[in-house]
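Peer 1: Taken in sequence, the protein lines are chains A and B.
Letter by letter, the first sequence follows residues 1 to 700 in the numbering used here.
Letter by letter, the second sequence follows residues 701 to 1278 in the numbering used here.
Hints listed in this document are in silico derivations from the structure and should not be mistaken for laboratory results.
Please read these numbers as outputs of a predicted model, since none were measured by experiment.
Please note that a few of the clues may not be correct.
[Claimed, not checked] Taking lysine-lysine pairs in the DSS-like style, the calculated list, with each CA pair at most 25 angstroms apart, reads:
#1 K257(A) - K375(A)
#2 K1135(B) - K1230(B)
#3 K220(A) - K758(B)
#4 K257(A) - K97(A)
#5 K1135(B) - K220(A)
#6 K468(A) - K443(A)
Residue strings, one per chain:
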Amino acid sequence: MLQQHTHSHQPRPLFDPQIMRGAIMAAVRKLDPRHQVRNPVMFVVEVGSVLTTGLAIQASLGQGEASPGFIWAIALWLWFTVLFANFAEAVAEGRGKAQAATLRQSRRDVQAKQLSSTDRSRGYTTVPSTSLRKGDLVLVEAGDSIPGDGDVIDGVASVDESAITGESAPVIRESGGDRSAVTGGTRVLSDWLIVRITANPGETFLDRMIEMVEGAKRQKTPNEIALNILLASLTIIFLFATVTLLPFSLYSVAAVKALDPASSAAPVTVTVLVALLVCLIPTTIGGLLSAIGIAGMDRMIQANVIAMSGRAVEAAGDVDVLLLDKTGTITLGNRQATAFLPAPGISAARLADAAQLASLADETPEGRSIVVLAKEQYGIRERSIHALEAEFIPFSAQTRMSGVQVPDRTIWKGAVDAIERYLQDRRAALPAQVRADVETIAKAGGTPLVVVEDVTVLGVIQLKDIVKGGIKERFGALRQMGIKTVMITGDNPLTAAAIAAEAGVDDFLAQATPENKLELIREYQRGGRLVAMTGDGTNDAPALAQADVAVAMNSGTQAAKEAGNMVDLDSNPTKLIEVVEIGKQLLMTRGALTTFSIANDIAKYFAIIPAAFATTYPALNRLNIMRLASPQSAIIAAVIFNALVIVGLIPLALRGIAYRPVGAALVLRRNLLIYGLGGLIVPFIGIKLIDMLLVGLGLV
Amino acid sequence: MQWQSYTQLALYLGLLLVCVKPLGAYMARVYSDQPFGLDRLLAPVERGIYRLAGVERKAEMGWKTYAGAVLVFNLLGLLVVYLLQRIQQWLPLNPAQLPAVTADSAFNTAISFASNTNWQGYSGETSLSYLTQMAGLGVQNFLSAATGMAVLVALIRGLSRQSVRTLGNFWVDLTRSTLYILLPLACVVTLLLVSQGVVQSFDPYQSATLLQPTTSSDGTPVTQQVLPLGPAASQIAIKQLGTNGGGFFGVNSAHPFENPTPLSNLVEMLAILLIPAALCYTFGVMVGDRRQGWAVLAAMTLIFVAFMALSVAAEQQAPPLESGAPLATAATPLQAGGNMEGKETRFGIANSALWATATTAASNGSVNSMHDAYTPLGGMVPMVLMQLGEVVYGGVGSGLYGMLTFAIIAVFVAGLMVGRTPEYLGKKIETFEMKMAALIILIPCVTVLLATALAVSTDAGRATVANPGPHGFSEILYAASSAGNNNGSAFAGLGANTPFYNMLLGLAMLSARYWLIVPTLALAGALVRKQRVPTGAGTLPTHTPLFVGLLIGVVLIVGALTFIPALALGPIVEQLML
C-alpha cells in the first residue's frame, strides 16, 4: 500500500492550532536581542520595552516619573508589540516547518546497494545512503527507496514520487532521454534501476527543499534589504524627532513657568516619549516584513513550486517576458482531429468510418482523437479489431503511413506526400478538391492526414493543435500587466503564426532550437527585460541558466533542475503564470503595508501630541479631535492600537493582498485608496474605540 | 482679500510658468552641448577659461571625481570669502572704513555664501566693504548657484545615460552654468532693477539731515541719518536668480534701496523661482520625456499654491490685539488690512506673503517683510516650506535634485505596490540607491532637530532669544530650519551674530549642503551604470496626476511627520492660544 502524502495539495489552514502553539513559544524565544537586532525597527521597540519596564519598576518603588499603573501598561503593551511581531514571523516559519517535517520523513537513512560497475550481475555491497558520494553507482530494486539524487543509467522502473510531489500516481523512470532523473527519498515500485548518484549527502534536492521551506537559510532578498533601509531611516528620523522633544519640552516648560510660576506644566516623560516613538516608527511593516517574505515562499510551495531562493520569488514579480513552450502550455498535449473533409463524391460518414477503422489500433493521441471525433460527429462506436478480423499496419519510417487491413480492403492514412507517393505507384492521383483542402488546413496551422481506401481517396482528416480553454484571456491579462508572452515551438513559421494568433500570444519563436532559444533570451535581456521560462530537457539547461526566472519541471532531467531556480513538482508549464503572480503579490503586500504603516502616523500624532503636552500647553487639547478621555488613556490607546494592528494584519501578510491582473496605474490607484487612505482613517476609529473601551472597563 | 491680491498672485504665477518652457529649453541646450545662439558670441570666452584653468573640455568624470571637484572648488571659495572678510580693512573699496569681521562671523558667512544658504548673522552696510561684498559674496552668489546646477545636471545625466560610468565634467558644467545662464540673466535683471531705482554706486555712504529729529534709546538726540550705498543692484539680481538671498543691506529686500517699487518687487520675486522652475523642463528634455519634467513641476506648483494661499489668508486675518484696542483690519481700497506689522506698505499683504512663500519654497531666504511679525500660522508657512527640505522649486539645482530624491522614495513605495522592483525613468531603484536617498532625506531633518535641541538646552542658545514662550521657540526652530536646509532666511527676533550661533548654524549649513551633494552624486554614479528598462503597462507611470499626488504626499508626510512635534510647541500652540 502506498503511503499517501498529500501535504502540498491541500492548502494548510491559515491558523493551524498546532502551528499556533509552536509559534507562541517561538515568539517568546525570539525576544533574544541577538535575533531582534536583525530587524532595526523591532529592535528599537524592544529597547523601548526594556527602558519602560525599568521605569515601571522604578515607579513601583515610589520614585516614578508617572503613576506606576500607567508606565506598566505602556511597558506591557510594548512587550506585546514585540511579541506580536515575533509571533507573525513564527507563524510564517511554522507553516514551513510543518512542511519540512513531512519531507523529512522521506529522508530517513536507507541501506543502499552500491555497485562497482554498471554490470549488475557482479553483485553489490550494502552501504548506508549517507556514505554515497557523487559518481557512485547504486542498484535500486522494487520496494527500495532511492538513496540519493541521481541519473538512471540503466533500467526502466515505475517510481512512487509522492513524497516529493504529493502525486500518488507512479511515474516511469528510464535511462536516456528526459525521464532519467530520480530523486532521493522516492521509491521504486516495480523493476529495477541503476542510478549514478549526482549529489553528495546534505546537498540533495530533498535537503535543499527542506532548507527552503524551513527558511533555515533564508537570506534577505535585495528588495527586502532596500525596504529595510527605508524603514531604518524612518526609524532614525523619528528617533531624533522624539529624543529632541525632551529638550524642546524642557524649554517650553521653563518658558511657561517664567510667565506663570503657578503653572502645573511638567516636562514630557520618558515613558510618553518611548510610546510616541514606537507609535511613529513603522512597526506594522517592520513587524510583518519577514512574515511576508516567508509567506511568499510558502505560497509558492502551496502552488507546488519549490523556489531555490527568495530572490527568485521576488524576481518573478519583475518578469517582463514569458517564454512558453507551445505543447502542454498553450495547446493541449497533442494534436487532435477536429474535422473530416470528404473528397468529392464520398460521404463524410464513409470517410469517418474508414478513418476510425484505421485508427482503432493506433494508440497515439492523434489516433485516439480520430476515434473520439468519429464517435462524436457520426456516432460510430468503437469496434473490436479482432471481431473484424482486421490487421493493424503500424506506422513505418519507410511508408510513413499507418493503416488497417480488413478482409476486403486496405485503409491507409498518412501525410499528403506519403499518400501521393503511394497513389503514384498505383497510377492514381489526388483529387484537386482534396489537394485544396490539404493546403487550407496547413495554412491555418493544422496538420492534414489523407485517408485512402485501396486507391480511392476518401478525404482529409484535419488535425489541429487545440489551444487550451481560457488561455487567451490569461495572456490578455498578462498583457495588461505589461508582460509579453512568447510562444516557443518547433513548428514551421506558418503553423506557429496560426497558433500564436489563435492563442493570443504577443510573439513566437518557430523552429526553436536550444541555441536560438538562448539567443532570444539574451536579446531580451540586453534590452533590459527580465525573462522567465520553463523547461525540462537537458538541452533546455543553458536557456534555463540564462533566464532570470527558470522553472524546471520535476519530471525533467537533473541538468534542467540544476539550471533552474525553481522546480515545479506538478511539472505543469502553465504554472509559470502563477509563479509571476505570486512574485508580484509578494512585492505588493510589502508596499501596501508600508504605505498603511506610514499613513497610520497622522492619527497617532493627533492622539499623542495633545496628551504629551497637556500640562504645558492646555491649548493643544484642541488638537484632540478624537475627544480621547484623558492624556493617559490617549497614549495607552495609541500604543494598544499599534500593537493590535500587527496581529490584525497577520492574515493579510500571510495570504498576501488581493491581486488582480490589471495595469500598474490601476493597481496603484486601488492600493493607494485601500492602504493609503485606509491607513489614514482606520487608526482614528481604532484608537477612539480602544479609548472608549478603556474608559468603559474603568481601566483609566 | 481684495481682487487686486488675487490678480497679483495669478499674474505672478502666470508669468513664472510662461517663462518655464523657453528658459528650460535653453538650459537643456546649454547642458547638452547643442547650439543656443549665445554660444557663438561667448564661445571664445569659454575656451579661454578652459585654457587658462587647464581644463580638458571633453574629459568625462566619474561620480567620485565629480564630487571631489565640487568639494575642492567650494572649499577654495569658502577660504577666499573668509580671508576677504578678515583682511578687508587693508584692502581697497572700503569707503566706510569697516574693520575686519570677527572670526566666528566670518566663518559663518563664508560657509553661508559658499553653501548657497546666505544666512546673514551680520548686517551688510555695517560690516562688509564693497570689495568683500563684490569679490567675496557676489562671486559666491554666482558660483554656489552654478555648483547646485552642475550637481543637478550630473544627476540628470545619471538618469538619462545608461550603462556608462561618467556624469560629465564639473568644470565645464560650472563654467557653462555661470557664463551662459546666470550671467546673462543677471545682466537683464540688474538693468531692470536699476531702472526702478535700486542703487548701484561706489560712492561712500551719504549723510542726510532728518526733517523730524528723534532720540535714540539712550536719550541722545538724532538729527542725522546715514544712507548706505554700494554696488547693490548687480548683487541683488544674482542673489535672487541664484536663490542665494543674502541681502546687500541688513533688512534685505525690505530696504527701499534694494527693492523700491512694486515692479522691482515683482521682478525680484520672479527671479527667485525662475531658474528652479525652468530646470524642471530642462530635466524633462534631457531625460527624453518632457512629461516627467511637467509632473515634477506640477507637484512643486501645487504645494506652492497651497502654502501661498494659507500664508496670504493667515496674514489677511489680523489677530486681535491683546489690549483689546480697536484696530481697523478690514481690507479697503485704501489699505491692505490684515496683519501689517513688519510689512512694507508699498507691498501690502499679498506681495509680502507671496514673497515669504516664494523665498522659503526656493532656498532663497531674502525677505521683503519680517517673518517674525507674521501671525503664527503665517510664520509657520515659511518654516514648514524649509523643513520640507527645500524641494518646492528649491534652490537652483539643489531643489530639483532634492525633489528627484523624493520621487525616488515615492517610486520605491509605489513601485512595490504595483508588484515590481521599483524603477524611476527605467532605472531600477535598489539597495544602494535607497541608501543614498535615505541619507539625503535624513541629514537635513537630523541637522535641524539637533541644532534646535542644542540651542534650547544651552544658555548661549537661549540668551539671545527676543520673545518668551512658544514664539521664542519658533525663532530658534526657524533659524535651525533655515540653516539646516540652506535657505538663509531669518525669522528675526533671534540675535544670531554670537559665537554660539555662528558656529552652530555654520556647521548646520555645511552638513546640509555637502552631506547632500555627495550622496546625490553617488546616487547619480550608481544610476548612470544601470541600463534603462523599457517601460510598459506593468511599469509605474511617473507622469500621471496620480503620481504627482503621491509625490506631494511623500514630500508632505516625510516633512510633516518629522517636524509636527516641534511645530506643535512653536507656531501651532501659538496659533491655538490666540
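Peer 1: Please go over all the hints and tell whether each is borne out by the structure.
Peer 2: Comparing the hints with the structure gives:
Between K257(A) and K375(A), the direct Cα distance comes to roughly 100 angstroms. Violation of the 25 angstroms bound is thereby established for this hinted pair. Using a Cα cut-off of 25 angstroms, the hinted pair K1135(B) and K1230(B) holds, with the two alpha carbons roughly 16 angstroms apart. Our distance criterion of 25 angstroms between C-alpha atoms is broken by K220(A) and K758(B), whose separation comes to about 43 angstroms. A distance of roughly 60 angstroms separates the Cα atoms of K257(A) and K97(A); the hinted pair therefore is violated under the 25 angstroms criterion.
With a C-alpha separation of about 16 angstroms, the suggested pair K1135(B) and K220(A) falls inside the 25 angstroms cut-off, and the hint holds. The hinted pair formed by K468(A) and K443(A) meets the criterion: a straight-line CA distance of about 20 angstroms does not exceed 25 angstroms.
In the structure shown, a violation is registered for the earlier hints numbered 1, 3, 4, in ascending order.
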